[in-house]
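J.: Read off the chains here:
Protein chains: 2
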Amino acid sequence: MEQIGWGLGASLTLASLPAMARERAGVMDNKKLNIALCGLGRYANVLKGGLAASQSCRLAGIVTGTPTKAAQWQSEFRIPDKNSYTYQNFDQIVSNPDIDLVYITLPNGLHKEFTLRAAKAGKHVIVEKPMAFTEKDCQEMIDACRKAGVQLAVGYRLHYDPHHIELKRLGQHKVFGQVRLIEASLGYRLAGIPPDDWHLKKAIAGGGPLMNLGVYCVQSSRYVLGEEPVAVTAQFGPVTMPDLFKEVEENITWQLYFPSGAICTSSCTSNCNVDRFYASADEGYFELQPALSYGPFKGRTSQAAFNFPVVNQQAAQLDDIARHILANKPLPAHISGEEGRKDMRVIEGIYQAATSGQKVDLTS
Amino acid sequence: MEQIGWGLGASLTLASLPAMARERAGVMDNKKLNIALCGLGRYANVLKGGLAASQSCRLAGIVTGTPTKAAQWQSEFRIPDKNSYTYQNFDQIVSNPDIDLVYITLPNGLHKEFTLRAAKAGKHVIVEKPMAFTEKDCQEMIDACRKAGVQLAVGYRLHYDPHHIELKRLGQHKVFGQVRLIEASLGYRLAGIPPDDWHLKKAIAGGGPLMNLGVYCVQSSRYVLGEEPVAVTAQFGPVTMPDLFKEVEENITWQLYFPSGAICTSSCTSNCNVDRFYASADEGYFELQPALSYGPFKGRTSQAAFNFPVVNQQAAQLDDIARHILANKPLPAHISGEEGRKDMRVIEGIYQAATSGQKVDLTS
Numbered sequence: 001m002e003q004i005g006w007g008l009g010a011s012l013t014l015a016s017l018p019a020m021a022r023e024r025a026g027v028m029d030n031k032k033l034n035i036a037l038c039g040l041g042r043y044a045n046v047l048k049g050g051l052a053a054s055q056s057c058r059l060a061g062i063v064t065g066t067p068t069k070a071a072q073w074q075s076e077f078r079i080p081d082k083n084s085y086t087y088q089n090f091d092q093i094v095s096n097p098d099i100d101l102v103y104i105t106l107p108n109g110l111h112k113e114f115t116l117r118a119a120k121a122g123k124h125v126i127v128e129k130p131m132a133f134t135e136k137d138c139q140e141m142i143d144a145c146r147k148a149g150v151q152l153a154v155g156y157r158l159h160y161d162p163h164h165i166e167l168k169r170l171g172q173h174k175v176f177g178q179v180r181l182i183e184a185s186l187g188y189r190l191a192g193i194p195p196d197d198w199h200l201k202k203a204i205a206g207g208g209p210l211m212n213l214g215v216y217c218v219q220s221s222r223y224v225l226g227e228e229p230v231a232v233t234a235q236f237g238p239v240t241m242p243d244l245f246k247e248v249e250e251n252i253t254w255q256l257y258f259p260s261g262a263i264c265t266s267s268c269t270s271n272c273n274v275d276r277f278y279a280s281a282d283e284g285y286f287e288l289q290p291a292l293s294y295g296p297f298k299g300r301t302s303q304a305a306f307n308f309p310v311v312n313q314q315a316a317q318l319d320d321i322a323r324h325i326l327a328n329k330p331l332p333a334h335i336s337g338e339e340g341r342k343d344m345r346v347i348e349g350i351y352q353a354a355t356s357g358q359k360v361d362l363t364s
Numbered sequence: 001m002e003q004i005g006w007g008l009g010a011s012l013t014l015a016s017l018p019a020m021a022r023e024r025a026g027v028m029d030n031k032k033l034n035i036a037l038c039g040l041g042r043y044a045n046v047l048k049g050g051l052a053a054s055q056s057c058r059l060a061g062i063v064t065g066t067p068t069k070a071a072q073w074q075s076e077f078r079i080p081d082k083n084s085y086t087y088q089n090f091d092q093i094v095s096n097p098d099i100d101l102v103y104i105t106l107p108n109g110l111h112k113e114f115t116l117r118a119a120k121a122g123k124h125v126i127v128e129k130p131m132a133f134t135e136k137d138c139q140e141m142i143d144a145c146r147k148a149g150v151q152l153a154v155g156y157r158l159h160y161d162p163h164h165i166e167l168k169r170l171g172q173h174k175v176f177g178q179v180r181l182i183e184a185s186l187g188y189r190l191a192g193i194p195p196d197d198w199h200l201k202k203a204i205a206g207g208g209p210l211m212n213l214g215v216y217c218v219q220s221s222r223y224v225l226g227e228e229p230v231a232v233t234a235q236f237g238p239v240t241m242p243d244l245f246k247e248v249e250e251n252i253t254w255q256l257y258f259p260s261g262a263i264c265t266s267s268c269t270s271n272c273n274v275d276r277f278y279a280s281a282d283e284g285y286f287e288l289q290p291a292l293s294y295g296p297f298k299g300r301t302s303q304a305a306f307n308f309p310v311v312n313q314q315a316a317q318l319d320d321i322a323r324h325i326l327a328n329k330p331l332p333a334h335i336s337g338e339e340g341r342k343d344m345r346v347i348e349g350i351y352q353a354a355t356s357g358q359k360v361d362l363t364s
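Chains as they are written, first to last, in full-length UniProt numbering: chain P, 1 to 364; chain S, 1 to 364.
Hints listed in this document are in silico derivations from the structure and should not be mistaken for laboratory results. Remember, it's a predicted structure, so these values are computed and weren't measured experimentally. Treat the hints with care, since some could be wrong.
[Unchecked claim] Chain S is nowhere near these chain P residues, computed Cβ spacing over 12 Å in every case:
{"id": "1", "residue": "S56"}
{"id": "2", "residue": "G65"}
{"id": "3", "residue": "E76"}
{"id": "4", "residue": "R78"}
{"id": "5", "residue": "N83"}
{"id": "6", "residue": "Y87"}
{"id": "7", "residue": "D91"}
{"id": "8", "residue": "H159"}
{"id": "9", "residue": "P195"}
{"id": "10", "residue": "D197"}
{"id": "11", "residue": "V239"}
{"id": "12", "residue": "E247"}
{"id": "13", "residue": "N307"}
{"id": "14", "residue": "N328"}
{"id": "15", "residue": "A333"}
[Said to hold, decoys possible] If you want a taste of the chain S side facing chain P, the calculated C-beta under 7 Å gives, among others:
{"id": "16", "residue": "R180"}
{"id": "17", "residue": "L181"}
{"id": "18", "residue": "T233"}
{"id": "19", "residue": "Q235"}
{"id": "20", "residue": "G237"}
{"id": "21", "residue": "Q255"}
{"id": "22", "residue": "T265"}
{"id": "23", "residue": "S267"}
{"id": "24", "residue": "N271"}
{"id": "25", "residue": "C272"}
{"id": "26", "residue": "V274"}
Positions of the beta carbon are idealized from the N, C-alpha and C atoms, including for glycine.
With the rest of the complex left out, here is chain P (with noise of 0.2 Å):
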């Protein structure tokens, strides 16, 4: 995977590992990481596929609030009741040696509690994006996560995917030349959706297509240019479902502009399906479509089209998490909670930007 321009951040350094740590992972060896899935909502539910198709992972525990759910997931995975928790009780998985990492698929809002929590249980992290609504937060979580001497992920699917890993190159390579212009855009219609679903929430949620999936246009931005945006402007669209839409908003654009004059132009919604992402550089262009979404995607530059395999983004990601913790390495930087950190405090600057009206500076 390129690196070029991409920081190593905050990823934690094999000597930084605390003696837990390193123990654990020694007694690690030879087997697969042990993952407790907490909350069992939709997303745990794509990701079945993924540690079905993993070969480094086993589904060893969950954490979930609904009985029925328990009982289904403990009958599909032969998960032993000792193994299965409530939001209550999960902080007696610090004594549950079965357990050794905690995937947080809850909704947006339980993201830092369970991080902190399943960290002071000892258990390594992976957290569904967003992280958490704050950079502040995501610092908090960073810091919980390297006291506790645990390793601390961001669910960053893309990074997996063999079409983003070209974006990347052709980007930082500047295989076209200098990237000028990105157009990145990610909305699914939720027309129908109940008007109490937890999307719609704004305390739980934290906000609408922009906090549920921006950081996939701003992430994506980012990697192929292999460069922090200096300055934001965004705007509020209109709300054309306000029977569903009152707390968060419906819709939202925005403009990143980057160091090397580069800008990105953004669309998040939730009132239209929309998945692409383009960049043009000097000398041509690469685009995908659908690009951002779970795939498979389709790609191509001004030259030819893409060909790659279709992978299963979630079980490349958990496998290779999975060899990094049961070799006791650091985590890739590109899923790391600074990672994280970088894309919520351009996500707060998108916020701050359309609700001001004002160009909003990201470099203080």
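Following the hints, position chain S against chain P.
T.: Chain S alone, transformed into the frame defined by chain P:
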């Protein structure tokens, strides 16, 4: 051509044509429309192909300030001296029965002056886009042509490409349901252009890529939706070529808001090549790439690729204009001066929004 939701605007009715024009139309039965090209720059050379392929037009005269160009064009098209004008003696065209129409391909800043002079000389007019620099000037040009009893068209070539006729049908007939999001961008990298090129001079170009290319993005969103935008936000991008872009913007992004709740986001840029149109509707999408240039275009919907013949946009446009004028019929609304006025109203709003940083109301 679909006209659903696309008003007839201020197109002339037959009865409204003054007697002089009706008589002239009668005289022209069974003959070609005789055109004088005014301004022999880059686009005049593009039009050469259109004129050659046209069945109903004849290049009968020229207007140029460059004697060498006059000699070359006169020789190539066997144009007699009496049909070759300079900008100084152009008004004498009033007494030249060999010329029916003046096609103005001058730099932007001369569009208004020569439209008024051609109208005063009793000649029909095609003026290239942008029609003028302000909505007020467009109105003045419309009024002058109406008063003179001549027809006025803007060189809106895209209406004659089957790909765009299909875009209109898909959008206005809601073939994939209501369109919610349009992304339409157009740009050409101008690095290497001579610093004294007129496109870089505010007085003669009127602006940068928005003024030169913006109408294509604005208009395609208008005719796909069959609506007029009610508000706009816009942002100037950074200047990466400060030696060139001292007077006009190097790039600009904007967001148009339509009564239905649909949004159109666009970039116009002189720092990279981009040429794409995408529309997301409730049950699918449709897109072109290339989309807004001279073609050939390539398009698809979420269901299938487009399969339309390549047409010479300019020839099709010239022939349609000729057919209408020769039959003494008012020109189609979609290429009317009123269309140009509506586009310029939006372009003015975009500049105002980018300059002020405020959302601009387009309804008042």
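J.: The structure should be examined with respect to each hint, and the outcome stated for every one.
T.: These are the hints, each one checked on the structure:
no., hint, result
1, S56, "37 Å, holds"
2, G65, "35 Å, holds"
3, E76, "34 Å, holds"
4, R78, "41 Å, holds"
5, N83, "43 Å, holds"
6, Y87, "37 Å, holds"
7, D91, "44 Å, holds"
8, H159, "25 Å, holds"
9, P195, "19 Å, holds"
10, D197, "19 Å, holds"
11, V239, "8 Å, violated"
12, E247, "18 Å, holds"
13, N307, "19 Å, holds"
14, N328, "45 Å, holds"
15, A333, "28 Å, holds"
16, R180, "4 Å, holds"
17, L181, "5 Å, holds"
18, T233, "5 Å, holds"
19, Q235, "5 Å, holds"
20, G237, "5 Å, holds"
21, Q255, "5 Å, holds"
22, T265, "5 Å, holds"
23, S267, "6 Å, holds"
24, N271, "5 Å, holds"
25, C272, "4 Å, holds"
26, V274, "5 Å, holds"
Hint 11 from the list above is the single one not met by this structure.
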